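J.: Given next are the chains, with one letter for each unit.
Protein chains: 6
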Amino acid sequence: MDYSHYQCLEIVVENKLATVTFNRPEQGNSINHQFHIELIQVWQDMMEDGEVNAILLAAKGKYFCVGGDVKGMAERPMGDVRGENDKILWPGLSRHMLNAMLECEKPIVCAIHGDCIGLGATVALFTDITVASETARIADPHVKIGLVAGDGGAVIWPLLVGPNRAKEYLMRGNRLNGREAERIGLVNHAVPADEVPKLAREIAQELADGPTWAIRGTKYSVNKWLKDQLNTILDASTAMEMVTFHTEDHREAVRAFAEKRKPKFVGY
Amino acid sequence: MDYSHYQCLEIVVENKLATVTFNRPEQGNSINHQFHIELIQVWQDMMEDGEVNAILLAAKGKYFCVGGDVKGMAERPMGDVRGENDKILWPGLSRHMLNAMLECEKPIVCAIHGDCIGLGATVALFTDITVASETARIADPHVKIGLVAGDGGAVIWPLLVGPNRAKEYLMRGNRLNGREAERIGLVNHAVPADEVPKLAREIAQELADGPTWAIRGTKYSVNKWLKDQLNTILDASTAMEMVTFHTEDHREAVRAFAEKRKPKFVGY
Amino acid sequence: MDYSHYQCLEIVVENKLATVTFNRPEQGNSINHQFHIELIQVWQDMMEDGEVNAILLAAKGKYFCVGGDVKGMAERPMGDVRGENDKILWPGLSRHMLNAMLECEKPIVCAIHGDCIGLGATVALFTDITVASETARIADPHVKIGLVAGDGGAVIWPLLVGPNRAKEYLMRGNRLNGREAERIGLVNHAVPADEVPKLAREIAQELADGPTWAIRGTKYSVNKWLKDQLNTILDASTAMEMVTFHTEDHREAVRAFAEKRKPKFVGY
Amino acid sequence: MDYSHYQCLEIVVENKLATVTFNRPEQGNSINHQFHIELIQVWQDMMEDGEVNAILLAAKGKYFCVGGDVKGMAERPMGDVRGENDKILWPGLSRHMLNAMLECEKPIVCAIHGDCIGLGATVALFTDITVASETARIADPHVKIGLVAGDGGAVIWPLLVGPNRAKEYLMRGNRLNGREAERIGLVNHAVPADEVPKLAREIAQELADGPTWAIRGTKYSVNKWLKDQLNTILDASTAMEMVTFHTEDHREAVRAFAEKRKPKFVGY
Amino acid sequence: MDYSHYQCLEIVVENKLATVTFNRPEQGNSINHQFHIELIQVWQDMMEDGEVNAILLAAKGKYFCVGGDVKGMAERPMGDVRGENDKILWPGLSRHMLNAMLECEKPIVCAIHGDCIGLGATVALFTDITVASETARIADPHVKIGLVAGDGGAVIWPLLVGPNRAKEYLMRGNRLNGREAERIGLVNHAVPADEVPKLAREIAQELADGPTWAIRGTKYSVNKWLKDQLNTILDASTAMEMVTFHTEDHREAVRAFAEKRKPKFVGY
Amino acid sequence: MDYSHYQCLEIVVENKLATVTFNRPEQGNSINHQFHIELIQVWQDMMEDGEVNAILLAAKGKYFCVGGDVKGMAERPMGDVRGENDKILWPGLSRHMLNAMLECEKPIVCAIHGDCIGLGATVALFTDITVASETARIADPHVKIGLVAGDGGAVIWPLLVGPNRAKEYLMRGNRLNGREAERIGLVNHAVPADEVPKLAREIAQELADGPTWAIRGTKYSVNKWLKDQLNTILDASTAMEMVTFHTEDHREAVRAFAEKRKPKFVGY
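Residue numbers (this note's numbering), protein chains in the order written: chain A, 1 to 268; chain B, 1 to 268; chain C, 1 to 268; chain D, 1 to 268; chain E, 1 to 268; chain F, 1 to 268.
Each hint should be verified, as a subset may be incorrect.
No copy labels: a pair is met if it fits in one copy or bridges any two.
[Unchecked claim] Computed list of lysine-lysine pairs in DSBU-like fashion (alpha-carbon distance at most 30 Å, straight line): (1) K87 / K198; (2) K16 / K198; (3) K87 / K264; (4) K198 / K62; (5) K16 / K60; (6) K264 / K60; (7) K16 / K260; (8) K62 / K87.
To be clear, the hints were calculated from the coordinates, so they are not data collected in a lab. This one's a predicted model, so the numbers in the text were calculated from it and none came from an experiment.
Construct the complete structure from the given sequences, taking the supplied hints into account.
T.: Laid out in structure tokens, this is it:
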């Protein structure tokens with residue numbers, strides 16, 4: 001299969017293992033519109049590629065992913081969710097991505113070697129097995145820019161760490177490191193940063209070499225819970241996130257971020 | 001908004017933060033009928049009060065809450081759930097309270113500075129973020145007085161610590177301290193008793209100062225899971241609790257409690 | 001009640017406590033067809049026996065249970081799920097067993113004194129309270145013989161340790177010891193191997209002596225979540241497991257197991 | 001298989017079709033405790049009998065079933081749900097019966113040749129295909145004797161006729177005939193009374209002769225919806241029914257029934 | 001209980017029956033903000049009023065209810081959902097109303113004597129038993145003014161007439177009369193217009209005179225399905241409705257309505 | 001957008017309306033592997049095509065669709081679900097198609113001008129609004145060839161006609177005509193055959209001209225129920241269908257079909 005048209009992802013297939021790498025290191029692998037679109041397409045391509053039995057998700061550069069492009073939002077309001085020519089904000093992009101991930105029956109291992117923020121964290125946590133650096137910071141800081149944590153965080157965090165811990169991390173938008181993340185069950189493994197790639201690859205290769213349909217059916221069975229939870233929560237949360245895009249508090253947060261000052265919220 | 005008619009709760013609003021305090025310290029903040037009624041009303045008032053952006057739930061005296069008034073039950077059988085003039089035991093009170101809590105979109109932080117038992121534990125665990133003293137004891141001991149843990153414990157404990165740990169704590173009615181509670185995910189934070197008020201207030205004030213609708217929508221999204229679970233479990237558990245009010249084992253347990261001896265159960 | 005017709009289980013009732021013991025120590029308590037049938041019947045008998053108020057599940061010999069009889073599979077393909085005279089593989093056996101366990105309102109405590117594998121692990125984890133040896137190894141290695149972890153593992157592991165940890169253990173089929181199992185919430189208690197019987201019995205006797213209906217109603221309420229999850233996941237996972245019985249990868253895995261070599265999977 | 005120990009049911013197996021007949025015609029096939037127990041056991045026996053591929057449920061005498069034995073209730077309060085030696089009313093009997101029906105994968109056709117009331121209606125509507133006499137009257141009149149329609153009516157009526165029509169029939173306890181029942185979807189077929197046995201038997205025999213596992217898997221798939229609904233509703237409704245057994249209104253209704261007068265309800 | 005402060009509703013309690021009447025006949029009982037607020041409060045008052053055992057919902061004037069005040073929307077954009085001083089559109093009003101209706105355990109009969117549109121239809125269909133005039137027109141025409149049918153229609157119509165018929169009525173916003181509504185199961189009874197009040201009152205009084213808790217528990221049991229459905233659908237649909245308030249198509253539809261011309265939609 | 005690569009579908013876009021036509025009239029529009037693949041792809045293309053606001057699904061020739069290619073199955077066992085090079089039967093194809101249909105937010109109207117069988121019926125019933133010829137025959141006859149009705153029938157039939165009517169049509173595989181289908185709610189409209197195209201097109205064009213996002217959000221909201229049902233049922237039913245592909249009864253049914261004789265089933 002030819003993956004050369006991907007711009008934000010680098011995809012290499014070898015020994016039945018596809019390595020999918022975030023490839024915008026200069027931008028901290030921040031997720032812009034093109035990146036988001038590729039994050040929908042890639043899981044469908046993975047399903048269709050007969051050479052692929054398992055997937056390793058990794059990232060280039062210092063960070064795993066710094067999340068959405070907040071600076072860009074100041075110049076292009078709602079630019080992060082609204083495409084170039086879209087004339088209305090409508091929930092859908094995140095749903096398509098998460099649906100594609102959950103429909104992908106092939107196992108996905110994620111190597112979180114560095115900071116993993118926002119939509120980047122959602123993607124990482126929706127993979128099957130996560131290997132994190134002990135010092136990598138993980139967070140879903142939607143509220144910090146005045147938005148509902150609507151694009152998947154409210155679905156997956158509660159399943160991994162329980163509803164109350166999830167509510168704290170999502171309502172405050174604060175960070176935890178990989179070691180703490182492993183302790184409370186947010187990630188599968190926490191190891192020193194330089195051991196992340198090796199451990200993640202070993203697990204992924206083991207799965208690529210394993211009995212194909214036994215592994216797929218097992219993964220798919222567990223994913224039925226995630227689908228149920230997604231149907232209960234995601235549509236409401238993304239639509240409410242759309243509503244917060246129209247608030248003054250969101251605009252103030254984006255301005256404050258650009259001006260490197262604390263925002264002053266007005267409550268609407 | 002005027003909160004002066006509250007008898008068991010003290011409510012103070014300042015800087016967009018409402019501090020709601022259990023105010024029956026001499027009775028260990030045990031929850032009688034009036035208290036229960038106020039615990040339904042307060043969350044609706046919180047929602048309507050335009051000055052309130054976040055809520056801090058705390059308690060006066062040595063204990064956070066010792067639960068229902070068991071001693072009173074011996075004199076007034078079923079007195080804890082049945083109002084003065086009620087002629088039938090019917091599930092509803094706890095449902096109204098928990099519904100009101102889950103419908104309250106504003107974030108609630110709970111400062112568990114001392115022992116937190118029974119219905120007190122249910123209320124605390126249904127808030128969003130809990131800060132507990134390392135030595136505070138937490139338990140839902142319905143079974144100790146021969147009753148099904150029907151008023152919410154069977155809903156929230158399993159979500160926080162998994163079904164098997166929940167079944168043990170609820171079927172045995174035994175206690176765990178704040179430190180252990182944090183380790184297994186029952187509470188968000190465990191700190192020395194004297195640091196509880198400060199940390200809880202800091203988090204609550206941070207939320208009160210944050211972007212209103214981003215926080216509310218995020219909280220509300222996660223709560224959809226709790227509502228689903230509540231609809232599956234609560235009505236059955238409260239109705240079964242009603243049934244156990246008619247058992248000899250319940251009456252014996254209440255008598256034994258009053259007489260400070262071990263109960264002898266007969267199995268009906 | 002007369003339990004003398006049980007061949008694989010030994011059942012003793014005393015002081016309102018039934019002790020149900022896996023009784024095939026020479027075979028590592030591996031679960032053959034007869035054993036499976038008894039594991040359906042026993043929970044119905046437990047419900048009907050008026051002398052029984054609580055159940056202690058334990059096992060004789062070195063292992064708690066080594067799982068299904070893989071060696072037998074090589075000689076008698078699909079022999080583990082297909083009865084002697086069955087002419088079609090059809091999901092049902094595991095469902096009947098798990099339904100019977102979840103319908104049993106009496107509390108069940110499980111003493112995992114040694115290794116606890118596959119279907120043995122599923123049975124153990126579907127009890128209410130588990131006491132494990134710190135060094136006992138727990139695993140659901142269906143994938144190791146090329147099968148979907150379809151007979152309950154995909155239902156209960158995610159509820160106890162979250163979906164991502166569950167996916168790792170089930171997709172890799174690897175083992176964890178009791179100490180680690182307790183840390184992540186898979187079992188309730190981990191103690192030295194020789195303390196397992198005593199602690200498990202103490203808890204079970206405490207429940208046997210407790211208020212009957214309060215305990216049953218409490219257990220039953222929490223189980224409603226498990227039933228919901230079972231209805232969402234189990235039928236799909238067992239039927240997919242049936243499908244994998246028809247794969248070359250399963251046959252190769254069974255051969256390799258018998259020949260004590262690494263399997264070479266072909267992907268169909 | 002030997003069915004001679006059944007007292008209230010007559011069971012004949014021929015040509016892969018089991019005909020299960022209500023056999024208390026003098027009592028209008030009213031369901032007493034023994035009858036209820038047999039209505040749990042029979043579905044398990046049907047599953048195990050290798051000679052049976054489909055089931056025809058029918059009844060002797062003028063009525064299909066007049067429901068529970070209300071007259072008996074006046075002499076033996078709560079006698080209808082409480083066994084001879086039970087010392088506590090506890091929900092369970094109806095659940096075990098409905099679970100057994102839903103777990104029975106073999107298709108069940110019901111011949112409703114005459115009036116079909118209360119628990120009789122619940123059993124009939126939980127079969128798969130119903131053939132009713134145009135003039136047979138169908139009702140679930142729990143409320144007429146002051147009880148919640150808790151033993152399955154609140155589960156199955158809404159699925160067949162929508163929640164609002166179901167609420168009217170269940171809250172008023174009024175009757176509809178077979179013709180109207182067919183029009184609104186409560187039964188599959190309405191034909192003249194004397195054609196009921198023939199049509200029902202034809203359909204049942206057709207299913208008995210059909211492809212076994214295709215039919216079972218199809219039935220079982222649809223039943224997953226009923227199981228979901230049952231888990232949501234039944235436990236709450238049966239437990240609330242237990243609570244109404246303790247009301248004065250129930251006792252008054254039973255007395256009024258025995259004295260053939262209109263009851264005067266007091267509201268507790 | 002004193003109901004004199006209600007402005008849009010007239011409430012009379014007699015013989016345990018509360019008659020709640022829409023009381024803005026000159027405005028076709030169109031639902032403005034004050035009306036909406038009263039439609040939340042009234043169900044809570046009904047629950048608390050010890051004199052009330054059943055509720056009859058009716059309306060004065062020619063129409064049952066013409067829905068929201070579309071003309072007002074042109075002058076006061078989003079005025080129908082946004083209160084006078086609200087600075088942000090946020091879903092919640094409809095949820096609070098529907099929650100209050102579903103939590104009201106007392107039976108509600110609705111007399112739809114004339115046209116019943118939009119939010120008026122939602123309220124009517126969320127009651128328990130509906131009696132409609134054969135010629136009354138029923139519709140949920142949100143889409144006609146460019147809005148998602150988000151305030152409850154997408155929850156209740158599918159349950160009453162199946163998802164496909166519901167999608168047609170809701171996506172086209174077209175009307176059906178009472179006779180057709182009865183045929184497809186949307187309402188319980190269709191009778192000539194002048195018989196509506198009598199039949200509705202008879203049913204309501206019958207329920208008011210019936211066994212209180214038997215009726216409440218029965219209603220409540222069925223409502224658990226509606227709650228489940230509401231949690232799955234409502235939050236998403238109301239939040240998406242909010243998003244459509246920001247569309248040009250909505251503004252155009254409102255203008256066209258005021259100018260009595262066909263709207264020209266642009267697709268954003 | 002270029003649709004010229006479609007082989008089994010003809011796609012024309014005009015006035016914001018896409019007309020998608022089954023284009024294998026000589027084969028009765030029977031669905032082979034290529035057709036199935038296109039029925040997955042087309043809904044994704046519909047979503048992405050900015051020129052399309054609504055979709056009309058129709059068919060050329062005498063029949064709407066005669067279902068899968070049973071004759072082909074005799075020559076190429078399992079050929080209908082297994083692709084040319086697939087080496088294992090695995091559920092997925094139907095899921096991908098139904099997911100794509102449910103994710104398509106644009107309204108779909110279906111013109112069932114002639115017989116509509118099996119997978120053809122599933123596709124038709126999963127559209128939003130169906131217009132059927134009064135004499136067209138509709139059926140899902142999986143059981144007639146010894147297979148579980150696993151590819152969606154067990155999901156959608158019960159939602160449209162209730163579980164019991166659905167079980168009869170699916171377990172017997174018998175046909176009903178459009179008039180009867182409308183009466184029981186299976187289709188939205190039944191009209192004479194020659195009026196089907198006009199009415200279907202009128203409705204579809206009306207939706208294409210309507211307010212885009214209001215319609216999409218309304219449709220999507222109702223679809224959340226279908227998704228919930230699909231997650232509960234489909235995976236189990238498709239996997240059980242796979243299992244029945246391995247039965248002798250399936251092979252016999254296919255042979256009997258080719259030989260135009262009645263099958264003789266053996267029960268395995």
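J.: Now look at each hint and say whether the structure bears it out.
T.: Evaluated hints:
Neither within a single protomer nor between protomers do K87 and K198 lie at most 30 Å apart by alpha-carbon distance, with minima of 45 Å and 33 Å respectively. In this assembly of identical chains, the alpha carbons of K16 and K198 lie at most 30 Å apart only when taken from the same copy (17 Å versus 50 Å across copies). Proximity of K87 to K264 under the C-alpha cut-off of 30 Å is found in both arrangements, the shortest distances being 29 Å within a copy and 17 Å between copies. Proximity of K198 and K62 under a CA criterion of 30 Å is satisfied intra-copy only: 17 Å inside one chain copy versus 36 Å between copies.
Taking the closest pair of Cα atoms, K16 and K60 come within 30 Å of each other only inside a single copy of the chain (21 Å); across copies the shortest separation is 43 Å, beyond that limit. In the homo-oligomer, the alpha carbons of K264 and K60 never lie at most 30 Å apart, since the shortest distance is 35 Å inside one protomer and 33 Å across protomers. For a Cα distance limit of 30 Å, the shortest separation of K16 from K260 across copies, 25 Å, qualifies, whereas the shortest one inside one copy, 46 Å, does not. Within a single copy, K62 and K87 get their C-alpha atoms no closer than 35 Å, and across copies no closer than 42 Å, so neither meets the 30 Å cut-off.
Against the hints set out earlier in the document, violations occur for numbers 1, 6, 8.
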